[in-house]
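Residue-level listing of the chains:
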Amino acid sequence: MHLSLTHLQATLLFAFFTSIVMGVIGRNTDKERIRYGVSVFGYFIVVIFGLGWLMYLGHG
Amino acid sequence: MPQKKQAMPPVQQWATPVVLGWLLPGAGHFYLKRWNHGILLLFAITSMFAFGLLMRGRMFEPETGDLFTTVVHCGGYIADLATGALYFLASWLGYHQEYLATSVADYGTKFLVCAGLLNILAVIDAYEIAVGEKH
Chain H
515 MHLSLTHLQA
525 TLLFAFFTSI
535 VMGVIGRNTD
545 KERIRYGVSV
555 FGYFIVVIFG
565 LGWLMYLGHG
Chain C
1248 MPQKKQAMPP
1258 VQQWATPVVL
1268 GWLLPGAGHF
1278 YLKRWNHGIL
1288 LLFAITSMFA
1298 FGLLMRGRMF
1308 EPETGDLFTT
1318 VVHCGGYIAD
1328 LATGALYFLA
1338 SWLGYHQEYL
1348 ATSVADYGTK
1358 FLVCAGLLNI
1368 LAVIDAYEIA
1378 VGEKH
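These protein sequence lines are chains H and C, in that order. Sequential numbering from 515 applies to the first sequence in the numbering used here. Sequential numbering from 1248 applies to the second sequence in the numbering used here.
Just so you know, these hints were derived from the structure itself, not from any lab. One thing to keep in mind: the hints can contain errors.
[As the list claims (entries may be wrong)] Taking lysine-lysine pairs in the BS3-like style, the calculated list, with each CA pair at most 30 Å apart, reads:
{"hint": "1", "chain 1": "C", "residue 1": "Lys1252", "chain 2": "C", "residue 2": "Lys1381"}
{"hint": "2", "chain 1": "H", "residue 1": "Lys545", "chain 2": "C", "residue 2": "Lys1381"}
{"hint": "3", "chain 1": "H", "residue 1": "Lys545", "chain 2": "C", "residue 2": "Lys1280"}
These numbers come from a predicted model, not from an experiment.
So that you can see chain C by itself, here it is in the shape it has in the complex:
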């Protein structure tokens, strides 16, 4: 039996925590008064980002070419952007690294990308709390 499609919750209900959560990891949870969760998310995601920079990880630029290049560079760029203010601040302060062929720098690049991916999960969590799907 086909399921009835659920209506999208009103934008004003979730937009603020989602945008705040994107701009600063954990800020969406702070807005929703989930202080402990916000602090843990801020600590974990910001630390991961900071360790990525300290390991001389590289931030992606959107590049196109063959399918693999497009997926890796555009996907990496989107994930880097997902860290919000951390990305913009690091770019503004000149922390864009040249590509370094070392395993530590490679780990650093993964740390930067994963910080963004974890922040996307945190933003989704803030959305679910804001619309009442999660307690």
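Only chain H is shown next, with the shape it has when bound in the complex:
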């Protein structure tokens, strides 16, 4: 059995799991942790789509 994911699916999955860990260890209160985890996920999304468009436009 093996998975065949697209680049987008793989990076979103990576962002999701990494954001959970960063949220858990990153702050001191639960409210701050949730906010931080969601922010990290949001930054990932911005960078994923930003770099995606940059590569698309850079390719001409």
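For this one, chain H is given, so just place chain C on it according to the hints.
Here is chain C on its own, set in the frame of chain H:
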């Protein structure tokens, strides 16, 4: 003004959560009675490792040669080892993959390495809680 160097906390204070956290992601937090954090860490790190295997990611062997080869292979091996029991179990069950030149397998290799790196962060967090640097 030079700062005074802090004394290292006694080993018995942090050794158990650190070793447990290395052996099983989140176990250090379970030991420290941080149940919710432990469950989230176990879920996230184990899932990342499992997805890495399902994508046919490759686990590194320590290889030396030129600087780049040494850094990549030894660094990757250390990161893979950092997943503790997951690595040993996957190796024992024969999940060591041959190198596959596909983008999905390449992502899988990164997932396996990053699962180990995230577990190192989780172990450091368990250490900080155990010695009272974090609440």
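Hint check:
1. With a CA separation close to 19 Å, the supplied pair Lys1252(C) and Lys1381(C) stays within the 30 Å bound.
2. Between Lys545(H) and Lys1381(C) the alpha-carbon distance is near 16 Å, which keeps this suggested pair within the 30 Å criterion.
3. Between Lys545(H) and Lys1280(C) the alpha-carbon distance is near 19 Å, which keeps this suggested pair within the 30 Å criterion.
Taken one by one, the earlier hints all hold for this structure without exception.
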